[in-house]
Amino acid sequence: MEATGAVLNLSRKLPAARRRQLAPNGVIGILIFVVTEMMFFSGLISAHAIVKTTAIGGWPPPGQPRLPVQETLINTAALIVSGIVLAYAQRVYSRSPRAARSPMAIAILLGAFFVVFQGVEWVALLREGLTITSSTHGGFFYLIIGTHGLHAIAGLLVLVWAFAKLMRGELLSSELVTAEIFWLFVVGLWPILYWRVYL
Amino acid sequence: MSNQLRLWLATGIAFLTASAPFAAQACAVCFSAKSEANRIAFLGTTVLLTGLPVAMIGGLLYWIMSRVEAIDALEQGELDAQAELAEPEDSPLGA
Chain E
1 MEATGAVLNL SRKLPAARRR QLAPNGVIGI LIFVVTEMMF FSGLISAHAI
51 VKTTAIGGWP PPGQPRLPVQ ETLINTAALI VSGIVLAYAQ RVYSRSPRAA
101 RSPMAIAILL GAFFVVFQGV EWVALLREGL TITSSTHGGF FYLIIGTHGL
151 HAIAGLLVLV WAFAKLMRGE LLSSELVTAE IFWLFVVGLW PILYWRVYL
Chain S
1001 MSNQLRLWLA TGIAFLTASA PFAAQACAVC FSAKSEANRI AFLGTTVLLT
1051 GLPVAMIGGL LYWIMSRVEA IDALEQGELD AQAELAEPED SPLGA
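Top to bottom, those sequences are chains E and S. Its first residue numbered 1, the first sequence is counted upward by one per residue in my numbering. Its first residue numbered 1001, the second sequence is counted upward by one per residue in my numbering.
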């Protein structure tokens, strides 16, 4: 009991605890999540790079469908613009939350366009015979691009949730920043995947 | 094992290593590389997977440190402002 008392007395002498948070919990959490996700995608990209250089007969393997490079470039542009518009929405939000509605809606629509376009592209590739088991090319394509697609869908759902809160006037600045960080991760990762997988 | 035998064994290993420098210098992945492109891919991915976590953790630490400094400066500014408010404008001692 004496020891406990000593500890308590000592704690009273400590300076007052920090009143301000370093950053909102959501922001810290999403940053840690993004770091782990970047390592996950780095592993996938690394494996893809190694397999690509050991492929017999070049890459993509002979007889396998070619990926739609030009069409996906349009999709890439749409996703990048979506990220820029969302960053603009976040800047506008600090001045007037109401003014952030339109840019945020545009960002969501562009993100949705990207996901739908990817879906259409996948259907076409499956019809041409590129499946997850058809070759290592197909396996890596669906694994890497599919995982990114799942992240894009998750990011869109988060953005839609944030937009609904914005429309009700309940969205906190920290929530918008958290959603924005995740979406910018999805956007920023895509050009790297496009370069490594499509080109 | 006698000291002499150990010495011969160490000399033999050193000789073998010196006679096959490429295998000795190569890391596990570089040794299995099948072509120049494959070797470069191994090297690039090794650099990526080694450098990226270090850069990300370093970046996070830098960000946290800059945030702490910003908060410290803000709180110090608030304390200074409170002290100025608490201090009477005309001191009774006339100092």
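Quick caveat, the hints were computed from the structure, so don't treat them as lab data. Treat the numbers as computed from the prediction; the structure is a model and nothing was measured. Just so you know, not all the hints are guaranteed correct.
The calculated SDA-like cross-link candidates involving lysine to any residue, where the alpha carbons are at most 25 Å apart (straight line), are [said to hold, decoys possible]:
#1 E:K165 / E:P24
#2 E:K165 / E:I153
#3 E:K52 / S:T1050
#4 E:K165 / E:I144
#5 E:K52 / S:G1044
#6 E:K52 / E:E128
#7 E:K165 / E:E71
#8 E:K52 / S:V1047
#9 E:K165 / E:G63
#10 E:K52 / S:E1075
#11 E:K52 / S:I1040
#12 E:K165 / E:F40
#13 E:K52 / E:E71
#14 E:K52 / E:L189
#15 E:K52 / S:G1051
#16 E:K52 / E:G63
#17 E:K52 / S:A1086
#18 E:K52 / E:V160
#19 E:K165 / E:V34
#20 E:K52 / S:L1061
#21 E:K52 / S:S1066
#22 E:K52 / S:P1053
#23 E:K165 / E:P62
#24 E:K52 / S:A1083
#25 E:K165 / E:G83
#26 E:K52 / E:G139
#27 E:K52 / E:K165
#28 E:K52 / S:E1036
#29 E:K52 / S:L1049
#30 E:K52 / E:P62
#31 E:K52 / E:F40
#32 E:K52 / E:I144
#33 E:K52 / S:T1017
#34 E:K52 / S:L1052
#35 E:K52 / S:T1045
#36 E:K165 / E:S42
#37 E:K52 / S:A1010
Checked hints:
1. The straight-line distance between the Cα atoms of K165 (chain E) and P24 (chain E) is roughly 18 Å, inside the 25 Å bound, and the hint therefore holds.
2. As the CA atoms of K165 (chain E) and I153 (chain E) are separated by approximately 19 Å, the hinted pair is consistent with the 25 Å bound.
3. Taking the CA atoms of K52 (chain E) and T1050 (chain S), the gap is about 21 Å. The hint holds against a cut of 25 Å.
4. Of the supplied pair hints, the one linking K165 (chain E) and I144 (chain E) is violated, its CA atoms being roughly 32 Å apart against a limit of 25 Å.
5. Restraint check: the Cα-Cα separation between K52 (chain E) and G1044 (chain S) comes to about 13 Å, which is no more than 25 Å; the hinted pair holds.
6. Restraint check for K52 (chain E) and E128 (chain E): the C-alpha separation of about 21 Å stays at or below 25 Å, so the hint holds.
7. Simply put, K165 (chain E) and E71 (chain E) have alpha-carbon atoms about 34 Å apart, too far for the 25 Å limit, and the pair is violated.
8. Of the supplied pair hints, the one linking K52 (chain E) and V1047 (chain S) holds, its CA atoms being roughly 18 Å apart against a limit of 25 Å.
9. With a CA separation close to 50 Å, the supplied pair K165 (chain E) and G63 (chain E) exceeds the 25 Å bound.
10. For the given pair, K52 (chain E) sits about 55 Å from E1075 (chain S) by alpha-carbon distance, which is inconsistent with the 25 Å threshold.
11. The hinted pair formed by K52 (chain E) and I1040 (chain S) meets the criterion: a straight-line CA distance of about 12 Å does not exceed 25 Å.
12. Note on K165 (chain E) and F40 (chain E): the hinted pairing is violated, with a Cα-Cα distance of about 31 Å set against a maximum of 25 Å.
13. Restraint check for K52 (chain E) and E71 (chain E): the C-alpha separation of about 22 Å stays at or below 25 Å, so the hint holds.
14. In summary, the hint linking K52 (chain E) to L189 (chain E) is supported, as the alpha carbons are separated by about 20 Å, within the 25 Å threshold.
15. Straight-line distance between C-alpha atoms of K52 (chain E) and G1051 (chain S) comes to about 22 Å, which keeps the hinted pair within the 25 Å bound.
16. A hinted pair counts as satisfied when its Cα atoms are at most 25 Å apart, and K52 (chain E) with G63 (chain E) qualifies at roughly 16 Å.
17. Annotation: proposed proximity of K52 (chain E) to A1086 (chain S) is violated, straight-line Cα distance about 71 Å (limit 25 Å).
18. A hinted pair counts as satisfied when its Cα atoms are at most 25 Å apart, and K52 (chain E) with V160 (chain E) does not qualify at roughly 37 Å.
19. Between K165 (chain E) and V34 (chain E) the CA atoms are separated by roughly 23 Å; this keeps the pair inside 25 Å, and the hint holds.
20. For the hint pairing K52 (chain E) with L1061 (chain S), the CA-to-CA distance comes to about 35 Å; that exceeds 25 Å, so the pair is violated.
21. Of the supplied pair hints, the one linking K52 (chain E) and S1066 (chain S) is violated, its CA atoms being roughly 41 Å apart against a limit of 25 Å.
22. Our distance criterion of 25 Å between C-alpha atoms is met by K52 (chain E) and P1053 (chain S), whose separation comes to about 24 Å.
23. For the hint linking K165 (chain E) to P62 (chain E), the alpha-carbon distance of about 50 Å lies beyond 25 Å, and the restraint is violated.
24. A hinted pair counts as satisfied when its Cα atoms are at most 25 Å apart, and K52 (chain E) with A1083 (chain S) does not qualify at roughly 67 Å.
25. Of the supplied pair hints, the one linking K165 (chain E) and G83 (chain E) holds, its CA atoms being roughly 19 Å apart against a limit of 25 Å.
26. Proximity of K52 (chain E) to G139 (chain E) is assessed by CA-CA distance (about 12 Å); at most 25 Å being required, the pair is judged to hold.
27. Restraint check: the Cα-Cα separation between K52 (chain E) and K165 (chain E) comes to about 45 Å, which exceeds 25 Å; the hinted pair is violated.
28. For a cut-off of 25 Å, the pair hint linking K52 (chain E) to E1036 (chain S) stands: about 13 Å separates their Cα positions.
29. As the CA atoms of K52 (chain E) and L1049 (chain S) are separated by approximately 18 Å, the hinted pair is consistent with the 25 Å bound.
30. Restraint check for K52 (chain E) and P62 (chain E): satisfied, since their Cα atoms lie roughly 13 Å apart, inside the 25 Å limit.
31. Restraint check: the Cα-Cα separation between K52 (chain E) and F40 (chain E) comes to about 19 Å, which is no more than 25 Å; the hinted pair holds.
32. The hinted pair formed by K52 (chain E) and I144 (chain E) meets the criterion: a straight-line CA distance of about 14 Å does not exceed 25 Å.
33. For a cut-off of 25 Å, the pair hint linking K52 (chain E) to T1017 (chain S) is broken: about 32 Å separates their Cα positions.
34. A threshold of 25 Å between alpha carbons decides the hint, and for K52 (chain E) with L1052 (chain S) the separation of about 21 Å falls inside it, so the pair holds.
35. At most 25 Å may separate the alpha-carbon atoms for a hinted pair to count; K52 (chain E) and T1045 (chain S) meet this at roughly 13 Å.
36. Between K165 (chain E) and S42 (chain E) the CA atoms are separated by roughly 34 Å; this puts the pair beyond 25 Å, and the hint is violated.
37. Distance hint between K52 (chain E) and A1010 (chain S) is unfulfilled; the C-alpha atoms sit about 40 Å from each other, more than 25 Å.
In summary, the structure is inconsistent with hints 4, 7, 9, 10, 12, 17, 18, 20, 21, 23, 24, 27, 33, 36, 37 from the numbered list given earlier, while agreeing with the others.
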